[in-house]
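Q: Chains C and B are the protein sequences, given in the same order.
Residues in the first sequence are numbered consecutively from 7, following the working numbering.
Residues in the second sequence are numbered consecutively from 7, following the working numbering.
Any given hint might turn out to be false.
Same chains, same names: a pair is fine if it fits in one copy or spans any two.
25 Å max Cα-Cα, derived BS3-like pairs, lysine-lysine [stated by the list, open to error]:
id: 1; residue 1: Lys40; residue 2: Lys274
id: 2; residue 1: Lys107; residue 2: Lys151
id: 3; residue 1: Lys402; residue 2: Lys317
id: 4; residue 1: Lys131; residue 2: Lys11
id: 5; residue 1: Lys11; residue 2: Lys338
id: 6; residue 1: Lys40; residue 2: Lys107
id: 7; residue 1: Lys18; residue 2: Lys131
id: 8; residue 1: Lys107; residue 2: Lys83
id: 9; residue 1: Lys40; residue 2: Lys83
id: 10; residue 1: Lys329; residue 2: Lys403
None of these hints come from the bench; they were simulated from the model.
Number of protein chains: 2
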Amino acid sequence: MRQTKYFLKTSKTVSEDEPTVNGRLLEQAGFVSKLMAGVYTYLPLGLRVLNNISKIVREEMNAVGASELLMPMLHPKEIWQTTGGWDNIDVLFKINSRTEKEYALGQSEEEVVTPLVLSRVQSYKDLPLAVYQIGWKFRDELRAKSGLLRGREFLMKDMYSFHVSQEDFDRFYAEAKQAYFKIFTRLGLTAKATEASGGSFSQKISYEFMVLTDAGEDDILYCETCDYCVNVEITELKSGASCPKSCGGLLTQGRASEVGNVFDLGQKYGKDFGLGFTDVGGNKQYPVMGCYGIGISRLMGVIAETMNDPKGILWPENVAPFKVHLIALPGKDAENVFSASDKLYAELIESGVEVLYDDRADTSAGEKFADSDLIGIPHRVIISQKTLADASVEHKKRNEDKSSLVSLDQVRQIL
Amino acid sequence: MRQTKYFLKTSKTVSEDEPTVNGRLLEQAGFVSKLMAGVYTYLPLGLRVLNNISKIVREEMNAVGASELLMPMLHPKEIWQTTGGWDNIDVLFKINSRTEKEYALGQSEEEVVTPLVLSRVQSYKDLPLAVYQIGWKFRDELRAKSGLLRGREFLMKDMYSFHVSQEDFDRFYAEAKQAYFKIFTRLGLTAKATEASGGSFSQKISYEFMVLTDAGEDDILYCETCDYCVNVEITELKSGASCPKSCGGLLTQGRASEVGNVFDLGQKYGKDFGLGFTDVGGNKQYPVMGCYGIGISRLMGVIAETMNDPKGILWPENVAPFKVHLIALPGKDAENVFSASDKLYAELIESGVEVLYDDRADTSAGEKFADSDLIGIPHRVIISQKTLADASVEHKKRNEDKSSLVSLDQVRQIL
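Take the sequences, apply the hints, and build the full model.
A: As structure tokens, then:
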């Protein structure tokens with residue numbers, strides 16, 4: 007993508023009412039634009055990041071055998087009354103239409119997915135079954151001051167599974183948990199699975215997947231030795247205590263952001279809607295359901311929040327909006343530099359490499375480098391009069407200090 | 007995709023309160039599920055169609071040089087007050103949050119895109135500029151009884167362009183119009199461009215792109231000889247009159263659905279927000295803006311509405327959820343039939359062909375054929391004991407009556 011044709015503008019100034027690193031960096035680098043607290047436009051660079059994260063999540067959800075669909079955001083009041091959510095969930099946005107019909111804006115989709123799936127399930131032979139979507143959710147938050155970490159409008163992957171028994175649920179739940187760890191690893195993140203309370207969804211114990219970051223909104227206690235981890239909300243343990251798993255390690259308290267969760271919903275939703283299946287013995291049963299969330303837009307915030315240096319963001323390659331930032335420094339030899347850069351750009355595109363091409367003619371080298379560091383694309387390739395004298399480009403990784411000259415013939419091999 | 011692992015269930019019955027063909031067919035064939043009037047879940051098959059349409063639209067919008075971004079759906083009241091829409095647009099959904107802050111749900115995005123873009127534009131050198139999104143919109147419709155043709159929640163592509171002059175706008179407008187015709191052609195549709203009034207957006211003349219269908223909600227007069235076409239709302243011409251372009255043709259009246267539109271917004275939005283650019287002479291100017299919509303979910307409805315036969319849908323290949331429906335008829339030789347089918351399925355997937363594989367063991371041939379016709383995938387490939395006796399498959403196109411035997415070795419060449 008040529009920068010001169012792209013809707014991309016970085017900013018030197020920082021919004022003063024933006025307390026988090028991710029909110030400031032993502033705005034400054036031209037990934038998002040805040041419409042109001044907790045509600046963002048995803049600019050072209052940001053939309054690419056969101057799509058890259060979604061793609062990884064989608065692949066791993068498909069791998070556990072879930073079918074992707076897309077549920078509505080506008081919900082009739084009645085389904086939320088059926089489950090009690092209309093009166094009990096304080097973050098539920100409510101709409102009174104001009105036809106006097108009341109609606110809710112989806113903040114989760116149990117109310118939609120339960121009748122949708124169970125009306126298509128007759129017998130135990132139709133189970134287990136899992137569906138998921140990557141869709142926008144809304145929450146009437148009192149405060150939303152954490153950049154992309156707490157949205158009033160945010161993108162989530164939510165999966166729902168349906169099982170004939172607790173045992174079968176446990177089996178799938180374990181698979182889903184492994185898929186979650188795979189996702190976070192592919193995103194370059196280390197997530198800890200914590201025990202937590204079930205929140206408004208369920209009173210059963212659930213798991214939260216936490217990434218340590220000071221901008222997070224949860225406090226967790228984690229063992230430095232084993233994988234024990236717990237939300238401080240549900241424990242009386244303190245920082246410095248011995249790990250309850252008797253591994254010999256000590257617990258440390260840290261601030262973290264919840265990037266995913268899994269809930270054992272039990273039979274609540276099937277019972278609420280009076281929808282079940284016929285079991286092997288011919289009796290009506292309610293399925294055991296699970297709900298599995300991943301905050302896609304929040305993950306974008308967590309990555310920006312945790313992977314940066316004083317100059318800007320350091321996107322992991324799987325997530326970066328482009329793989330390569332090609333920078334032409336025209337100097338006094340604009341014709342040759344642009345001609346060589348245009349050629350390399352075309353070749354890289356041809357080979358399927360995703361390239362952002364800084365083809366601006368009147369911008370200084372210093373400004374181009376500053377923008378490039380801020381944006382944080384993993385590979386930087388510079389073409390200038392100087393590099394062309396050696397029939398080369400200068401190559402530098404965003405997360406390394408040293409650069410190297412690479413001959414024009416060999417650039418494609420290293421990218 | 008193996009049907010036994012896929013969330014797909016067709017239905018023999020038709021919802022009685024669904025008056026349109028597209029609503030009935032898409033529900034029956036398992037593409038969508040109605041949550042309430044005008045609000046649908048896109049089931050796995052339907053989501054694939056929506057994505058295929060989006061992909062074509064995206065490619066053509068990128069080709070005219072527009073940058074894709076994604077704007078929020080939840081809007082602060084203030085931006086709608088600035089343009090007068092808060093009080094004047096009757097289909098605007100309004101939300102009163104628990105913090106007493108009022109929001110609107112986006113039904114179009116001029117109020118978001120104008121400040122977003124113009125705050126990043128300083129001079130005439132930054133223009134022209136076009137951005138677009140493929141995003142969900144909401145309208146508080148009094149009636150929504152046309153299946154996917156009129157949604158309370160619907161997917162739209164909306165592009166916005168910004169120009170230094172009317173002349174430059176006209177140039178881009180002509181390009182966008184050509185891109186639109188290209189899109190409809192790729193979707194297998196014949197669209198007519200009609201003159202219409204500007205609606206709530208603008209008082210200038212706009213263009214609507216219409217596809218003839220009885221389920222549509224507009225009446226148009228079109229010339230059978232030339233490309234003249236007009237919405238009856240803004241003309242005094244009648245059916246049977248001579249074409250005003252003096253081509254010698256006569257006008258015919260028909261029912262149509264509006265699948266796209268382009269509006270000349272003039273300088274209204276720049277003025278409303280007090281945001282402009284510095285022109286060549288150093289003076290502040292307001293840009294001329296254009297708005298270009300395409301109804302993505304409506305297009306899905308229009309295609310189903312216009313391309314069907316008594317047995318089901320006939321998807322054009324560019325839009326179909328899968329290219330091939332592979333059907334195994336196990337009969338009395340289940341082991342061999344499934345073994346050959348599994349092998350062909352794997353080979354097709356390997357070659358990048360998108361295949362839905364009816365691998366159900368206990369379903370009759372008749373039921374499989376009925377489902378396949380209903381779903382409407384362009385190519386059907388049948389493997390049975392009979393075809394295997396000839397080391398062949400039976401191949402039939404959905405839109406043709408005759409089938410032919412093709413040797414197993416050659417199947418991949420014809421798909």
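Q: With identical chains, the pair lysine 40 and lysine 83 could be close in the same copy or across copies; at 25 Å between alpha carbons, which is it: within, between, both, or neither?
A: This pair counts as between: shortest inter-copy Cα distance 15 Å, intra-copy 30 Å.
Q: Regarding lysine 107 and lysine 151, is the shortest C-alpha distance of 25 Å or less found within a copy, between copies, in both, or in neither?
A: Between copies only: 16 Å across, 32 Å inside.
Q: Reference check for the pair lysine 402 and lysine 317, CA-CA at most 25 Å: within, between, both, or neither?
A: Close inside one copy (15 Å), not across copies (60 Å); limit 25 Å.
Q: Cα distance capped at 25 Å. Does lysine 40 pair with lysine 107 within a copy, between copies, both, or neither?
A: Between copies, since 17 Å is at most 25 Å while 31 Å is not.
Q: Should lysine 11 paired with lysine 338 be assigned to within, between, both, or neither, using CA atoms and 25 Å as the limit?
A: within (23 Å within a copy, 62 Å between copies)
Q: Go through the copies and call it for lysine 131 and lysine 11: within, between, both or neither, with a Cα cutoff of 25 Å.
A: For lysine 131 and lysine 11, only the inter-copy Cα distance (12 Å) is at most 25 Å; the intra-copy one is 54 Å.
Q: Pop the pair lysine 107 and lysine 83 into one bin, within, between, both or neither, using alpha-carbon distances up to 25 Å.
A: Both: 8 Å inside a chain and 21 Å across chains, each within 25 Å.
Q: Since the copies are identical, ignore which copy is meant and state whether lysine 18 and lysine 131 lie within 25 Å (CA to CA) inside a copy, between copies, both or neither.
A: Between copies, since 20 Å is at most 25 Å while 60 Å is not.
Q: Using 25 Å as the alpha carbon limit, work out where lysine 40 and lysine 274 are close: within a copy, between copies, both or neither.
A: Between copies, since 23 Å is at most 25 Å while 38 Å is not.
Q: 25 Å Cα cut-off: does lysine 329 pair with lysine 403 within a copy, between copies, both or neither?
A: within (10 Å within a copy, 42 Å between copies)
Violated hints for the displayed structure: none, as all numbered hints are satisfied.
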